[in-house]
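**Student:** The residues making up each chain are set out below.
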Amino acid sequence: MNPVFAQDIENKYPEYYYDVLGNFSIGFLVPEAIGTNFIAEGYELWNGVQLEGRVYVNDKVAVGAQFQAFKGRVVDPTVVGALDATGFTHGFVFGSYNPFTRDNNMLLELALGAGYMNYRNEKEFQRFYDTGFSLMANATLSYRFTKWLGVYGAIQHLWDFSKIATANSLRNSYNSVSIITPSLGLRFYFL
Amino acid sequence: MAIPILCCFKCDDEITYKENRRLSIKGTIITNENPETTFPIEVYASRDSYIHSTDNLSFVRNDALLGLGASDANGNFEIVALSPRNARSIYVLLNVSDSEVQNQGFSPMLLNNVDFLELQDNTYNLGLIIPDRTIDFRFRAERATSTNDTLSYKITYSPKIKTVDYALEYPTKPLFQRGFSGMMLPSQQSVFEDFEVRTGDLLRLSYELKNGATVVEGKDSIIVNANTNEFTFTF
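Respectively, the protein sequence lines represent chains A and B.
Taking this note's numbering, the leading residue of the first sequence gets 1, the next gets one more, and so forth.
Taking this note's numbering, the leading residue of the second sequence gets 1, the next gets one more, and so forth.
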């Protein structure tokens, strides 16, 4: 019987997701508002940043928190009002599910989350805020290429339900906003 | 120590905005054209309680633009505007954009104290708005019988900007801010002056006829309409 060395085991069995307790990721996102709403019609959205952390409950399920921030310049004040720019931030708690067997270092995770939206409006030297509730659906594909480090690509759909009080005729445009936020970034694993 | 004092003074002077709120300013412009002329519309907030219109629009310089847009081919408009927190008045400028009159032939309009209207469903409804047309007007003085009289005359009329005020305590009155004066010597048979004026405006003519020690003074008023673009004063 040949002896089994620890080094041989390490080479034969790569470190899969179920080895890790969780991960933290940072990436840049490219937001795009869709549909008929005041952001889609009135803003040019700039690239932003996404921070996310998740903890694995088991090999299928994780829970986590996410923060997104990006900015937009007003290009059509007729639908937005006489603003200069707005900073858009979102925060979510979410649960994610891995529909496939973890048999390699690539992982697809589907997530649903709920949280807040905060629009920081800028007009000259004044700042004021629009706030509300937000939902998100996310699909993330990640690849872990070392013990500690991986990359990810994600596509996310945000539904913002703002508390902005306005006329009935404008309510559809203001109170329900859809934004797609594809993102790419680095993922750091903790064991 | 001076910095906080200056900062507070500045903050108090600037318009701030309500969170989670947008106003709608709507109305209909009627010019009896088909399709209706499209007018640019701007909504401002001011820390002053009353806006005194002048021809050079200098009053908008320190005020905060809340929203802007244009009327459509039916004359309707709905402007999305920020909701000011500390404004003393909200006013609308019509037919003016970037301090320039857009549709020549129509007067610019100042719709003052819009916030005195009832706010329903976050909307100020301005109703029907009728801009005045502007026409080139000629004042002519002709000598008929008074061969030795020297005529001195002065004509005053309202600003080019038509003002409508929604606050009852500020009834809109003719301002007679614009005007000119002239003289006609005994050697002259006639003189004339051309100027732009709003239809519906009231021109005030005051004159003095002098012949040696004899002086006759008088006044006259002229209502301008599209069919009367000339007034002849005969003496």
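Worth flagging that the hints you see were computed from the coordinates, not collected in a lab.
Hints may be right or wrong, so weigh each one.
Claimed, not checked - Just some of the chain B residues that point at chain A, by a computed CB distance under 8 Å:
hint, residue
1, Glu19
2, Pro40
3, Phe59
4, Leu65
5, Asp72
6, Ala73
7, Glu78
8, Val80
9, Asp121
10, Thr123
11, Lys154
As the list claims (entries may be wrong) - In silico DSS-like pairs for lysine-lysine, Cα to Cα no more than 30 Å straight-line:
hint, chain 1, residue 1, chain 2, residue 2
12, B, Lys18, A, Lys71
13, B, Lys219, B, Lys154
14, A, Lys163, A, Lys60
15, A, Lys163, B, Lys219
16, B, Lys210, B, Lys154
17, B, Lys219, B, Lys160
18, B, Lys26, B, Lys160
19, A, Lys71, A, Lys147
20, B, Lys26, A, Lys163
Every residue, glycine too, gets a C-beta built ideally from N, C-alpha and C.
**Student:** All hints are to be evaluated individually against the structure, with a verdict given for each.
**Tutor:** For each hint, the structure was consulted:
1. Taking 8 Å as the C-beta cut-off, the interface hint given for glutamate 19 (chain B) holds, the closest approach to chain A being about 5 Å.
2. Given the 8 Å rule on beta carbons, the hint for proline 40 (chain B) is violated: about 10 Å separates it from the nearest Cβ of chain A.
3. For the restraint placing phenylalanine 59 (chain B) at the interface with chain A, the shortest Cβ-Cβ distance is roughly 17 Å, beyond the 8 Å limit, so the hint is violated.
4. Restraint check, leucine 65 (chain B) versus chain A: the minimum CB separation of about 4 Å is within 8 Å; hint holds.
5. Look at aspartate 72 (chain B): its Cβ only gets to about 12 Å from chain A, farther than 8 Å, so that hint breaks.
6. For alanine 73 (chain B), the shortest C-beta to C-beta distance to chain A is roughly 16 Å, which exceeds 8 Å, and the interface hint is violated.
7. A distance limit of 8 Å between C-beta atoms decides the matter here; for glutamate 78 (chain B) the minimum to chain A is near 6 Å, and the interface restraint holds.
8. Among the interface hints, the one on valine 80 (chain B) holds; its C-beta lies about 5 Å from the nearest C-beta in chain A, closer than the 8 Å criterion.
9. Evaluation of the aspartate 121 (chain B) hint against chain A yields a held restraint, the C-beta minimum of about 5 Å falling below 8 Å.
10. Satisfaction of the interface hint for threonine 123 (chain B) is found here, the shortest Cβ-Cβ separation to chain A being roughly 5 Å, below the 8 Å cut-off.
11. The interface hint given for lysine 154 (chain B) is violated, since its Cβ lies 42 Å from the closest Cβ of chain A, which is over the 8 Å cut-off.
12. A distance of roughly 20 Å separates the Cα atoms of lysine 18 (chain B) and lysine 71 (chain A); the hinted pair therefore holds under the 30 Å criterion.
13. For the hint linking lysine 219 (chain B) to lysine 154 (chain B), the alpha-carbon distance of about 10 Å falls within 30 Å, and the restraint holds.
14. Distance check on the hinted pair: lysine 163 (chain A) and lysine 60 (chain A) sit about 36 Å apart at the alpha-carbon level, beyond 30 Å; violated.
15. Among the hinted pairs, lysine 163 (chain A) with lysine 219 (chain B) is inconsistent with the structure: their alpha-carbon atoms are about 61 Å apart, more than 30 Å.
16. This hinted pair checks out: lysine 210 (chain B) and lysine 154 (chain B) have alpha carbons roughly 15 Å apart, not beyond 30 Å.
17. Of the supplied pair hints, the one linking lysine 219 (chain B) and lysine 160 (chain B) holds, its CA atoms being roughly 22 Å apart against a limit of 30 Å.
18. Using a Cα cut-off of 30 Å, the hinted pair lysine 26 (chain B) and lysine 160 (chain B) holds, with the two alpha carbons roughly 24 Å apart.
19. Taken as a hint, the lysine 71 (chain A) and lysine 147 (chain A) pair is broken in the structure, with Cα atoms around 34 Å apart against an allowance of 30 Å.
20. Restraint check for lysine 26 (chain B) and lysine 163 (chain A): the C-alpha separation of about 22 Å stays at or below 30 Å, so the hint holds.
In this structure, the hints that do not hold are numbers 2, 3, 5, 6, 11, 14, 15, 19, in rising order.
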